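2 protein chains.
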Amino acid sequence: MQVPVIDNLQYCNFSGKIFRQLREGGVDAIHVTIAYHENFREMVANLERWNRFFETYPTLIMRGTCAADVMKAQETGRTAVFFGFQNPSPIEDDIGLVEIVHQLGVRFMQLSYNNQSLLATGAYEDEDPGLTRMGRAVIAEMNRVGLVIDMSHSAERSTLEAIDHSTRPIAITHANPDWWHPALRNKSDTVLRALTNAGGMLGFSLYPHHLADGSNCTRQSFCEMIAEAADRYGAESLGIGSDLCQDQPDSVVTWMRVGRWTKEMDYGEGSAAAPGFPAMPEWFRDNRDWDSLRDGLHDAGFTAEETDGILGGNWLRFYETSFTAG
Amino acid sequence: MQVPVIDNLQYCNFSGKIFRQLREGGVDAIHVTIAYHENFREMVANLERWNRFFETYPTLIMRGTCAADVMKAQETGRTAVFFGFQNPSPIEDDIGLVEIVHQLGVRFMQLSYNNQSLLATGAYEDEDPGLTRMGRAVIAEMNRVGLVIDMSHSAERSTLEAIDHSTRPIAITHANPDWWHPALRNKSDTVLRALTNAGGMLGFSLYPHHLADGSNCTRQSFCEMIAEAADRYGAESLGIGSDLCQDQPDSVVTWMRVGRWTKEMDYGEGSAAAPGFPAMPEWFRDNRDWDSLRDGLHDAGFTAEETDGILGGNWLRFYETSFTAG
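Listed in order, the protein sequences are those of chains A and B.
Per our numbering, residue 659 is the first one in the first sequence, and the count goes up by one each step.
Per our numbering, residue 659 is the first one in the second sequence, and the count goes up by one each step.
Simulated from the structure, these hints should not be mistaken for lab results.
All values derive from a computational prediction rather than experimental measurement.
All residues carry an ideal CB built from backbone N, CA and C; glycine is no exception.
There's no promise every hint is true.
Unchecked claim - Not everything, but these chain B residues come out facing chain A in the computed CB check (under 10 Å):
1) His-695
2) Asn-697
3) Phe-698
4) Val-702
5) Ala-703
6) Glu-706
7) Arg-707
8) Asp-752
9) Ile-753
10) Leu-755
11) Leu-762
12) Arg-802
13) Gly-804
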């Protein structure tokens, strides 16, 4: 049995083309975002779209709800697709929806996107008052049912409090250390130490705004950053959450940033001069470039075993203990 | 392994008291109605209420989604609870919701309640034009995912067309033959022959409006009717769907009849003089009286094996082939 390749965050404009590229790249599982600002009913419509994908492409993809599905996908030559939210808007103000969305197969939920949510604070707010009352209640419920807390877009204090309040390890599915590239969305050494000390996982992002030198970031720089993170936090806590947004029109990044919360334009990590999706680095264009990442990790000094862990084995271990009732 | 007792239709005002009575009566599984006129989001709120029940009463009840759960419930001394709708309103006008509600554990859906729906005609309409275009599409989708078509409240032509159009056996979960008691909601010999010839199941109702002599119906009359039905349709196609509405306030029967579709009062099977829930027959007050029914079937000439089938074994066999992808 080969150690599976898992990408723990993608938001592509999925299609038969991309599902075939996942197979070409040997990707056994992906965690895909199915909601940013959607309410419950709108999120369900997105799930319906995925059900149609599973019906249309049964030889390429399968619905993933537990760790065993990753290995089942590998054995049958398919990619298992796991669902997550980048914002808690689909659970509205209703804690009962935590179990419902878990029953529908959702396995990750960010407590906030860039703004304040009902649960926690996003990285773009001026003030971060920490977890809300509902935030603490929802963390306990997520712990109970096996829905993973993801703090990728949340602010520092809220993130530290979530790590502390959760009785189960949490995840930062797609971000990089801010000591490598000081973006608002990247994470402090304090957060990353607290996260990994509590058994949590960090998924490194390949979204250019999270990379040193953006789209021009070199593979060597990226992989040496991972080597430094392995020294600080242990290689077994590290994985990939590429944040690949392949084939999305720029209207989608506007939806991600603006939703329905403002009538003004908000450029998020972009700018008025460059409002759209940035170009991916040439050494990781899409799902066919996982071997390039493997070569880069080798060159940065990782053993084959460590590399296998970072490219999927560590996420698989995390899946094994995170998705069922606690 | 004992043949399980299954009641394939209840709409009680469930509580710890009723869950304890289910155990006292030795009921291994029930199919409960979780929606009449609710839209999708409202139905989900009802599911949330059931999730709270499962969390609160883990030693009495468990969520049932497949036939094996009936035996698991029996082995662990609990009652498995399966979900169904008496109207297709929770799938709104969206065929994608068929698979979504199945993923949420729903296993039965009536194509109509008493009125015309988007799919089929109810027994109280003046005209029955048969299955609609969406009705035919939804039957195919229900067949695909393993959601059982229930025509208990539907009109004659729609019911015959559903039996014919469905590629899998369907159910009439709670009704009686109209040759025994000619209520609008009871079923013709033609319908019952077509149903059972196609492998479908009939669940006998104990709701007084469906009984000869109403609340004064004798156990003997009820059980002799079942014996006649066994002669006509075969004992293996018969089960119970008691329609027990224990502890419901009369406001609930008004909701069932009127929903939001009219501003007038509609008394359904009741009347202005007797608008509320009728009293149950004294020999079947609640879930503690299943032995009484067993005795009655014995007195009507059924063998122990046939009685086991009618009280649960036949529904179990139907569950085994009906709830998974076709």
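Each hint tested on the structure:
1. At its closest, the beta carbon of B:His-695 sits 17 Å from a beta carbon of chain A; the interface hint therefore is violated under the 10 Å criterion.
2. Interface hint status for B:Asn-697: upheld, as the beta-carbon distance to the closest one in chain A is roughly 9 Å, under 10 Å.
3. Against a cut-off of 10 Å between C-beta atoms, the interface hint on B:Phe-698 holds, since the closest Cβ of chain A lies about 6 Å away.
4. Against a cut-off of 10 Å between C-beta atoms, the interface hint on B:Val-702 holds, since the closest Cβ of chain A lies about 6 Å away.
5. The interface hint given for B:Ala-703 is met, as the beta carbon of that residue sits about 7 Å from the closest beta carbon of chain A, less than 10 Å.
6. Hint status for B:Glu-706: holds, given a least beta-carbon distance of 3 Å to chain A, under 10 Å.
7. Annotation: interface hint on B:Arg-707 holds; nearest CB of chain A at approximately 8 Å, less than 10 Å.
8. Restraint check, B:Asp-752 versus chain A: the minimum CB separation of about 7 Å is within 10 Å; hint holds.
9. Annotation: B:Ile-753 was flagged as interfacial toward chain A, and the flag holds, the nearest CB pair being 9 Å apart, inside 10 Å.
10. Annotation: interface hint on B:Leu-755 holds; nearest CB of chain A at approximately 7 Å, less than 10 Å.
11. Because the smallest distance between the Cβ of B:Leu-762 and any Cβ of chain A comes to about 6 Å, under 10 Å, the interface hint for this residue holds.
12. Taking 10 Å as the C-beta contact cut-off toward chain A, the hint placing B:Arg-802 at the interface holds, the least distance being around 8 Å.
13. The restraint placing B:Gly-804 at the interface with chain A is violated, with a minimum CB-CB distance near 14 Å, outside the 10 Å limit.
Of the numbered hints listed earlier, those contradicted by the structure are 1, 13.
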